[in-house]
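Chains as they are written, first to last, in my numbering: chain A, 1 to 364; chain B, 1 to 286; chain C, 1 to 309.
Keep in mind that a hint or two might mislead.
Some, not all, of what chain C presents toward chain A, calculated at C-beta under 10 Å [what the hints assert, rightly or not]:
# : residue
1 : G197
2 : P199
3 : L203
4 : A205
5 : A206
6 : A211
7 : R303
Quick caveat, the hints were computed from the structure, so don't treat them as lab data.
This structure is a prediction, so every number in the text was calculated from the model and none was measured.
Glycine is no exception: its CB is placed at the ideal position from the N, C-alpha and C atoms.
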Amino acid sequence: MSSIHLKALTKSFGNFEAIKQMDLMVRDGEFLALLGPSGCGKSTTMNIIAGMEAPSTGRVFFDERDVSDVPMTRRGVGFVFQNYAIFTHMNVRANLAYGLRMRGVGPAEIDRRVAAIAEFLQLTPFLDQPSAKLSVNILQRLAIGRSAIVEPAIFLLDEPLSNVDAAFRAVMRTELKHLQRQFKQTMVYVTHDQLEAMTMADRIAVMDHGVLQQVGTPLEVYNNPANIFVARFIGSPGMNLVPATLVERDGALLADLGAAGASRPLEAGLAAAARAAGAREVWFGFRPEGVNLAADGQGLAVTITFLERIGSRTIVHFDAAGTAGKAVFENDVPLAAGTVAQLVPADALVRLFDRQSGLAIGGA
Amino acid sequence: MRRSIGFEIFRYAAILLAVAITLVPIVWMLSMAFKPVAEWQATGANLTWWPKNPTLDNFRFIFGQSASGLIIALEKTAARPILSSLLSASFGTLIAMAAGTAAAYGLSRFRAGGNLPLALIQLRLFPPMAVMIPVMIMWTFLRLNDTWYGLALIYGIVTLPFAFWLMKTFFDEFPREIEEAALVEGCSRLRVFLKVTLPMMAAPLASSALFVFILNWSDYLIALLLTNREWATIPVYMASLSSSMTGQLYGAKAALGLIAAVPPVIAGIAIQRHLVRGLTFGALKQ
Amino acid sequence: MSTDAAKAPMSAADSDRKLGFYLTLPAQILVLFIALFPLLMQLYISLTDWSPLTGRGWWDAWAFWNTFGNYVELTVDARWWGALWRTVLVMLICVPAEFLLGLALATLFIDNFRGKRVFYSIILMPMMVVPAVAGYMFFMLFQSGGPINNIASALSGQNVAIAWLSNPNLAFVAVVVADIWQWTPLMFLILLAGLVGVPDDQLKAATLLGANWWQRFTTIMLPRMKGIIVIAVAIRLIENFKIFDTLYIMTAGGPGVATETISVYIYKLTTNDLAWGYVAAIALVILISLSIVLGIAISRQARAGEGAA
Numbered sequence: 001m002s003s004i005h006l007k008a009l010t011k012s013f014g015n016f017e018a019i020k021q022m023d024l025m026v027r028d029g030e031f032l033a034l035l036g037p038s039g040c041g042k043s044t045t046m047n048i049i050a051g052m053e054a055p056s057t058g059r060v061f062f063d064e065r066d067v068s069d070v071p072m073t074r075r076g077v078g079f080v081f082q083n084y085a086i087f088t089h090m091n092v093r094a095n096l097a098y099g100l101r102m103r104g105v106g107p108a109e110i111d112r113r114v115a116a117i118a119e120f121l122q123l124t125p126f127l128d129q130p131s132a133k134l135s136v137n138i139l140q141r142l143a144i145g146r147s148a149i150v151e152p153a154i155f156l157l158d159e160p161l162s163n164v165d166a167a168f169r170a171v172m173r174t175e176l177k178h179l180q181r182q183f184k185q186t187m188v189y190v191t192h193d194q195l196e197a198m199t200m201a202d203r204i205a206v207m208d209h210g211v212l213q214q215v216g217t218p219l220e221v222y223n224n225p226a227n228i229f230v231a232r233f234i235g236s237p238g239m240n241l242v243p244a245t246l247v248e249r250d251g252a253l254l255a256d257l258g259a260a261g262a263s264r265p266l267e268a269g270l271a272a273a274a275r276a277a278g279a280r281e282v283w284f285g286f287r288p289e290g291v292n293l294a295a296d297g298q299g300l301a302v303t304i305t306f307l308e309r310i311g312s313r314t315i316v317h318f319d320a321a322g323t324a325g326k327a328v329f330e331n332d333v334p335l336a337a338g339t340v341a342q343l344v345p346a347d348a349l350v351r352l353f354d355r356q357s358g359l360a361i362g363g364a
Numbered sequence: 001m002r003r004s005i006g007f008e009i010f011r012y013a014a015i016l017l018a019v020a021i022t023l024v025p026i027v028w029m030l031s032m033a034f035k036p037v038a039e040w041q042a043t044g045a046n047l048t049w050w051p052k053n054p055t056l057d058n059f060r061f062i063f064g065q066s067a068s069g070l071i072i073a074l075e076k077t078a079a080r081p082i083l084s085s086l087l088s089a090s091f092g093t094l095i096a097m098a099a100g101t102a103a104a105y106g107l108s109r110f111r112a113g114g115n116l117p118l119a120l121i122q123l124r125l126f127p128p129m130a131v132m133i134p135v136m137i138m139w140t141f142l143r144l145n146d147t148w149y150g151l152a153l154i155y156g157i158v159t160l161p162f163a164f165w166l167m168k169t170f171f172d173e174f175p176r177e178i179e180e181a182a183l184v185e186g187c188s189r190l191r192v193f194l195k196v197t198l199p200m201m202a203a204p205l206a207s208s209a210l211f212v213f214i215l216n217w218s219d220y221l222i223a224l225l226l227t228n229r230e231w232a233t234i235p236v237y238m239a240s241l242s243s244s245m246t247g248q249l250y251g252a253k254a255a256l257g258l259i260a261a262v263p264p265v266i267a268g269i270a271i272q273r274h275l276v277r278g279l280t281f282g283a284l285k286q
Numbered sequence: 001m002s003t004d005a006a007k008a009p010m011s012a013a014d015s016d017r018k019l020g021f022y023l024t025l026p027a028q029i030l031v032l033f034i035a036l037f038p039l040l041m042q043l044y045i046s047l048t049d050w051s052p053l054t055g056r057g058w059w060d061a062w063a064f065w066n067t068f069g070n071y072v073e074l075t076v077d078a079r080w081w082g083a084l085w086r087t088v089l090v091m092l093i094c095v096p097a098e099f100l101l102g103l104a105l106a107t108l109f110i111d112n113f114r115g116k117r118v119f120y121s122i123i124l125m126p127m128m129v130v131p132a133v134a135g136y137m138f139f140m141l142f143q144s145g146g147p148i149n150n151i152a153s154a155l156s157g158q159n160v161a162i163a164w165l166s167n168p169n170l171a172f173v174a175v176v177v178a179d180i181w182q183w184t185p186l187m188f189l190i191l192l193a194g195l196v197g198v199p200d201d202q203l204k205a206a207t208l209l210g211a212n213w214w215q216r217f218t219t220i221m222l223p224r225m226k227g228i229i230v231i232a233v234a235i236r237l238i239e240n241f242k243i244f245d246t247l248y249i250m251t252a253g254g255p256g257v258a259t260e261t262i263s264v265y266i267y268k269l270t271t272n273d274l275a276w277g278y279v280a281a282i283a284l285v286i287l288i289s290l291s292i293v294l295g296i297a298i299s300r301q302a303r304a305g306e307g308a309a
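Full structure from sequences and hints, please.
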């Protein structure tokens, strides 16, 4: 099991910069989610780690070894493809044995190891069945087993759950996480589903347009997003961002929300950071959870546009002087579409982002 | 996949070798077609891959203009064989496409036709020579012998399997929703076929027709047995061009061969994408 | 207005079936036309010693009745067995050669590279050349003063003046070369389609598991192409069995009978000897044999289809 270190990585396809500049460290035994929208460069990063693509510049290290020039046949990378890429013309046993066969391992040894891993992954009853028509659940285990049997240094998974029924997905997620813990495998897991990343990963690396936005634990990324992209992307729904101007009044720093509502005083630590950064035009950010109804004249004055009932809670869609936002409440919240209301976010949970750069002000 | 420089060099070398081998016969015939009589039999050091004095004499010759150096004028020019090939191949294609397309639609949409698919495979399986005697007799009886339309009829029958299988796979791929929408609007099945489906199949129809045309145009054996003085096709006429008096009329035959070979090659390259489908009776698509 | 059952409008399914019937009718008629009379007629005259040389029409063939005489004669016809043997030999040499060359060439065309489209079109050309014209091309090429000897001379440094087409063995070689030239592109075309159809993911997965090119080729690509390979080889075997145009124009079956295949022999019997009764017997033997082979192949396919389920 190795750590992965991506140093000064860039990748261009002709004029298109898929990865603009990337430095990333994945710790030994860690489950890292590479998260981002389509086209952000996460799959390209994966391919570079695996050796399927060469970076335009930069190096790839496994532990201390520079593997940038090692061909993909010898890098020792386990890879689970989106559609598993099972050798459907072979049976389960042959799939599992493949990597060992390619290394010239003796038949007796192969049998032993195949039996062991099949036992571990509960594939034993399927060993001699053709692999083509098995259920997705079994295929996932087979894909993992096929890669794991050659004891790779790292494991890469390319959105393996995207083709799975929503109902199954939760089950398979848990299984995957469990297997990772058992194998103590360094795993890089590519996904566009932030919920998946949040539930499975030890750390999340958020990417957008070829640039690494933030790397941190799920809680870090959720509570202290590094910029507005992460703020909006993480969380379901994402953070609300209202344009505001910081003003001094009576010795305190306030966020003037303009037409959206009354000015909000900033919490001490945040105010200090804002003063230090000399911030003026900002995004006033707060999560949809942790919002309270308030009396008139306090907080944001919003018009409720729409109530979305998702069963356990109600998501209230609102409009605050032109800025759309959402708030999450219990199902008995006394609000209706078309009415106005006052919403107050919890002060400690407010985050500020510079309007120019999009970067967080202050930070964890 | 990244390839090493060594492999790329090997690849180009191998492909260039294949291309060279492919082109040798073609280039030779090309050059022979433009060589004057004096160069036809050049051997050894005199043998050139390109005519020293290129000329159009060979082409003039086969069209009846006796040119310098050629001893004997032909009693018949190549004009009529070219016409014969054109007429028989075109109308043969028409027959094959009409019957084949209709039957293909019948099978694709209505599962009609019974044993037709099997019969058509058998038709291609058997050597033509095995049925030519009865065909010769039938054709003579029906006064179709040595006519372009008699030839067109047999061509239509013999290439019917290709037209059928090609169009059947195309019909199978054609979305039924479009037809169903028209049916819902009150069109009859037949109208849907003629007014909706066929017009939208113009491209597959054209490709299939070209494919069948190439096959018909390329025939030799059937024309050899069924035509004679009046309506010999190009390949038959070509074979008859040499005589003991003139010896081998290399240049003239090469010119004729060129005329015969160029249309199918161009047509073939135009329908490249569909070649696999046609040649494997629709079993594979590209 | 009560509807009388006899006058009830046809159901949609019925009118569909009627339309389907009429659509397939022209094709059915054409096939019947070419199948019915020829079969019956050949059955008839195969049992006679008739020939147009006798001056009488084929319906009078009964006058030359010799029952199974033709069939018996076929079994001891050395020339027939020679032709059959030569045909099989051609098939056994040409088809594997075309397959291997086509496969090798196809593997080079899997990825993209500069000039791929142009090279691809050029390499396909031979199979689009009219076979009779190809026959003439190779006739010219293999002349003793011709380009092939010219190239051989250039390569070997000596004066090569082989008389290919007058030498029984070399004429056979020439005919085989012509066939391979013309039909390797067909194998190339079909096999390339098969190679390209192998899922890229699986190839990548295999590579990551340590498989080198040759291992991927033998463990992933070829096994997945089994169906396509069978089709390609079957099609070529069938067409090669019928070989005529190119061969006949190159050698007319000669020198002697050195390159005489089944089709050439039958052709000569038909046009030179005019032994039409005999030819009919041969034709029927071929027809029946091929039908049996086809039947076996189809039933094997059907059983394979069921077995896989």
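So, going through the hints one by one against the coordinates:
| no. | hint | in the structure |
| --- | --- | --- |
| 1 | G197 | 13 Å, violated |
| 2 | P199 | 7 Å, holds |
| 3 | L203 | 9 Å, holds |
| 4 | A205 | 4 Å, holds |
| 5 | A206 | 7 Å, holds |
| 6 | A211 | 5 Å, holds |
| 7 | R303 | 18 Å, violated |
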